[in-house]
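Number of protein chains: 2
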Amino acid sequence: RTRTEVLFFPSEMVCLEHIFAPSSPQSCCCSLPHGVETSFTRLVRCILSASSSLDVCVFAFSNMDLCKAVLTLRCRGVTIRVLCDKDYAAIHGSQIGVLRRAGICARCDVGSVYMHHKFAVVDNRLLITGSLNWTMTAVQSNKENVIVTEDPHLVGPFLKEFQRLWLHSDAA
Amino acid sequence: RTRTEVLFFPSEMVCLEHIFAPSSPQSCCCSLPHGVETSFTRLVRCILSASSSLDVCVFAFSNMDLCKAVLTLRCRGVTIRVLCDKDYAAIHGSQIGVLRRAGICARCDVGSVYMHHKFAVVDNRLLITGSLNWTMTAVQSNKENVIVTEDPHLVGPFLKEFQRLWLHSDAA
Ligand SMILES: [Zn+2]
Ligand SMILES: [Zn+2]
Chain V
2 RTRTEVLFFP SEMVCLEHIF APSSPQSCCC SLPHGVETSF TRLVRCILSA SSSLDVCVFA
62 FSNMDLCKAV LTLRCRGVTI RVLCDKDYAA IHGSQIGVLR RAGICARCDV GSVYMHHKFA
122 VVDNRLLITG SLNWTMTAVQ SNKENVIVTE DPHLVGPFLK EFQRLWLHSD AA
Chain D
2 RTRTEVLFFP SEMVCLEHIF APSSPQSCCC SLPHGVETSF TRLVRCILSA SSSLDVCVFA
62 FSNMDLCKAV LTLRCRGVTI RVLCDKDYAA IHGSQIGVLR RAGICARCDV GSVYMHHKFA
122 VVDNRLLITG SLNWTMTAVQ SNKENVIVTE DPHLVGPFLK EFQRLWLHSD AA
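Those protein sequence lines, which keep their order, are chains V and D. Quick note: to get this note's numbering, add 1 to the position in the first sequence (first position is 1). Quick note: to get this note's numbering, add 1 to the position in the second sequence (first position is 1).
In isolation and in its complexed conformation, chain V is listed as follows:
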């Protein structure tokens, strides 16, 4: 059967060095627990598993670790599209400006109300979706869920909806 996993939050804060720099273990001397797997490290690993494309469609994107994951993929040559809510994109802490300055294609929804999705699709084949916005509070404090699945009956409709929203979004 296809891969399916459910992650629940909040997630304990741990050092992500073993995720971002797996080849240089134990070099970090920060005060967080090291080498520990959590819901959040699972989520970051799923995003970092992208080899060709990453489509992100989230209401709020202010989490700096998730921003780092996207920037890491950009350095690897992965094609990235980020779609956010236009009101949230304008607030302090949003990472949309950081992504754009790194040359990543980031657009805002043009509708009058909330673009409230919280999903991403990796390599057109792995769907990440749930209640979790890409913020610090969501990851560390809130009660949240994230489904990770390769089920084509789920991935397909989300891919199609991403394409539709992307074409109706604002590139500015």
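It should be emphasised that the hints constitute simulated quantities derived from the structure, not laboratory data. Glycine included, C-beta positions come from ideal geometry on N, C-alpha and C. Fair warning: there could be bad hints in the mix.
Derived list of chain V stretches under chain D, where covered just means 3 residues or more per stretch with a C-beta under 8 Å from a C-beta of chain D [stated by the list, open to error]:
id, region
1, 95 to 105
2, 108 to 122
From the derived model, a few chain V residues whose C-beta atoms are all more than 10 Å from chain D [as the list claims (entries may be wrong)]:
id, residue
3, F21
4, S24
5, C30
6, L133
Assemble the complex: chain V is given as a structure, and chain D with the ligands must be docked to it using the hints.
Frame of chain V; chain D with the ligands shown alone:
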């Protein structure tokens, strides 16, 4: 394979009479379109399909049609548990008071931050989850998604999480 469906919102507003009173068609004379199926009618039908139990775990519950669906199930003898965020439950428009006055067991999350889930489980076998809060704005205006699935690899973890959150919630 198991049933899996994805619903996208916003949903066109239509009359729900044919959903709530299927045996007396065409008696309504309101100005909304009649007999039309939408993402929202699909969602209401899924909820109304409950024959033994409904567990609801949503940040915000102010949508009166969804409240009516829950009250309808209550009249049919379905066992209902509703878990909401405590801050949202206190705001104007929340249906938690209506549910409680109807004798439905509705609890609030006791944590200090957001109980941000938006899921429900019908008869311990059908999961409804996504970005959609049970509000009018979410249904009629926002860009939202809802997954409806019987996949036990998804239903199981959500049922377990509901049980855990329910036991740690506040009945008052
Ligand atoms: Zn460290
Ligand atoms: Zn009508």
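- Item | Hints the structure fails to honour | Violated: hints 1 and 6.
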